[in-house]
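Chains as they are written, first to last, in the working numbering: chain A, 1 to 174; chain B, 1 to 107.
Source of the hints: derived by calculation from the structure; they are not laboratory data.
Keep in mind the model is a prediction, meaning the values are calculated, not measured.
Don't be surprised by glycine CBs; every beta carbon is placed ideally from N, CA and C.
Wrong hints could be hidden among the right ones.
Claimed, not checked - Subject to a maximum C-alpha distance of 20 angstroms in a straight line, what follows is the list of computed SDA-like cross-link-like pairs (lysine to any residue):
#1 A:Lys159 <-> A:Gly65
#2 A:Lys159 <-> A:Asp143
#3 A:Lys159 <-> B:Gln7
#4 A:Lys159 <-> B:Leu81
#5 A:Lys159 <-> A:Glu146
#6 A:Lys159 <-> A:Leu122
#7 A:Lys159 <-> A:Arg91
#8 A:Lys159 <-> A:Cys148
#9 A:Lys159 <-> B:Leu5
#10 A:Lys159 <-> A:Arg170
#11 A:Lys159 <-> B:Thr84
#12 A:Lys159 <-> A:Pro128
#13 A:Lys159 <-> A:Asp141
#14 A:Lys159 <-> B:Arg10
#15 A:Lys159 <-> A:Ile86
Unchecked claim - A few chain A residues that face chain B, going by a derived Cβ cut-off under 8 angstroms, partial list only:
#16 Arg33
#17 Met34
#18 Thr53
#19 Arg74
#20 Leu115
#21 Gly116
#22 Tyr138
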Amino acid sequence: MNADSAEACAASWAAVRAGDAAAFAGFVREHQRMVYSLGLRMLRNRAAAEDLTQEVFIQLHERIGTLDTAIHARHWLRRVAVHRAIDQLRRRPPSSTGDDVLALVDEHDPGDYLLGSRLRALVGELPPDPRAVVVLRYQEDMDPSEICRTLDMPLNTVKSHLRRALAVLRERLS
Amino acid sequence: MTHDLEQELRRALQPVDPSPEFAARLLTGIAIARDRAGAVRQRWWRPTALAASVVLAIGLGFLVYQHQQRERAHAQLLEALAITSHSLDRAYRAVRWHGSDTGEHGG
Chain A
1 MNADSAEACA ASWAAVRAGD AAAFAGFVRE HQRMVYSLGL RMLRNRAAAE
51 DLTQEVFIQL HERIGTLDTA IHARHWLRRV AVHRAIDQLR RRPPSSTGDD
101 VLALVDEHDP GDYLLGSRLR ALVGELPPDP RAVVVLRYQE DMDPSEICRT
151 LDMPLNTVKS HLRRALAVLR ERLS
Chain B
1 MTHDLEQELR RALQPVDPSP EFAARLLTGI AIARDRAGAV RQRWWRPTAL
51 AASVVLAIGL GFLVYQHQQR ERAHAQLLEA LAITSHSLDR AYRAVRWHGS
101 DTGEHGG
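Let the sequences and hints guide you as you build the complete structure.
If you want it as structure tokens, here you go:
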């Protein structure tokens with residue numbers, strides 16, 4: 001980020017914090033994709049992902065004053081979205097998956113369409129914590145050290161979830 | 001294989017957009033939540049201010065009452081001291097009077 005864009009970003013966040021509705025709408029449009037995708041990959045249901053996204057942004061709106069920068073707000077969004085999704089998954093009865101088949105479809109998938117859908121389905125079958133680790137690692141491109149801070153997990157647990165999840169995915173794919 | 005799988009995962013888990021009308025719905029939802037929160041704050045504000053005023057008035061009244069009680073006690077003390085002083089003065093004069101009488105008769 002160069003000095004100009006950093007300044008523009010700071011000015012835009014200052015406007016959001018000052019209660020500028022247009023600036024807040026811009027911030028929502030910029031980040032809704034990330035929050036919605038986290039919800040979708042975690043919950044495997046588009047309606048549930050949209051509800052989660054709405055709840056997270058409403059909570060953000062209430063807490064804007066406590067977030068100093070746009071980067072801080074972005075980390076906060078990611079953290080709250082994943083924790084809320086994990087809580088929802090833990091509350092779901094074991095028999096109900098709440099799955100929505102279309103949640104696995106991505107018409108813009110640039111790779112092997114069937115493999116992509118199969119991988120999304122397999123990731124969705126992982127238990128909540130490893131699923132969150134995999135989604136943050138491969139959707140958000142986060143390092144294990146960033147993931148451990150986001151999920152409040154020891155680094156070794158994150159690494160072990162990642163290793164085991166990859167092994168499970170590889171085994172199920174083959 | 002690990003590298004390939006990781007590449008495939010990155011591709012499969014690329015972020016996706018919600019439905020096109022979602023942002024508008026989201027912003028409407030936030031506006032409704034904000035109005036509701038504002039209304040709740042307003043609903044609580046009046047009774048809270050009223051209760052605070054009543055407590056303040058009672059407190060002030062109590063302080064004024066205490067002050068008046070102290071003033072009254074002070075005035076009563078001064079009056080009692082004045083009466084005592086007056087009585088002592090009279091007693092002293094009576095004793096002196098009788099003393100001078102005894103002196104005259106006995107001398």
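| message | Hint check: Lys159 (chain A) vs Leu5 (chain B), CA-CA at most 20 angstroms. Holds or violated? | response | With a Cα-Cα distance of about 16 angstroms, the restraint between Lys159 (chain A) and Leu5 (chain B) holds, given a limit of 20 angstroms.
| field | Holds or violated: Lys159 (chain A) to Asp141 (chain A), with C-alpha atoms at most 20 angstroms apart | value | 14 angstroms, holds
| task | Take the C-alpha atoms of Lys159 (chain A) and Gly65 (chain A), compute the straight-line distance between them, and say whether it is at most 20 angstroms. | result | The given pair, whose Cα atoms are some 34 angstroms apart, is violated under the 20 angstroms limit.
| Do the alpha carbons of Lys159 (chain A) and Gln7 (chain B) lie within 20 angstroms of each other, as the hint requires? | Holds, because 18 angstroms separates the two Cα atoms, which is no more than 20 angstroms.
| query | Regarding the hint that Thr53 (chain A) lies at the interface with chain B, is the smallest CB-CB distance below 8 angstroms? | reply | With a closest approach of 7 angstroms, the Thr53 (chain A) hint holds.
| task | Hold the hint about Arg33 (chain A) up to the distance rule: shortest CB distance to chain B must be less than 8 angstroms. | result | 5 angstroms, holds
| query | Holds or violated: are the alpha carbons of Lys159 (chain A) and Pro128 (chain A) at most 20 angstroms from each other? | reply | Answer holds: Lys159 (chain A) to Pro128 (chain A) is near 15 angstroms, not above 20 angstroms.
| Lys159 (chain A) paired with Leu81 (chain B) [C-alpha distance capped at 20 angstroms] | 89 angstroms, violated
| field | Interface hint status, Leu115 (chain A) versus chain B (Cβ within 8 angstroms) | value | Leu115 (chain A) check passes; min Cβ-Cβ to chain B is 6 angstroms, inside 8 angstroms.
| message | Check the hint pairing Lys159 (chain A) with Ile86 (chain A) against an upper bound of 20 angstroms on the C-alpha distance. | response | OK: Lys159 (chain A) and Ile86 (chain A) at ~18 angstroms, within 20 angstroms.
| task | For the pair supplied as a hint, Lys159 (chain A) and Thr84 (chain B), confirm whether the alpha-carbon distance does not exceed 20 angstroms. | result | 93 angstroms, violated
| field | Hinted pair Lys159 (chain A) and Cys148 (chain A), Cα distance within 20 angstroms | value | 9 angstroms, holds
When held up to the earlier numbered hints, the structure conflicts with 1, 4, 7, 11 and 19 and fits the remainder.
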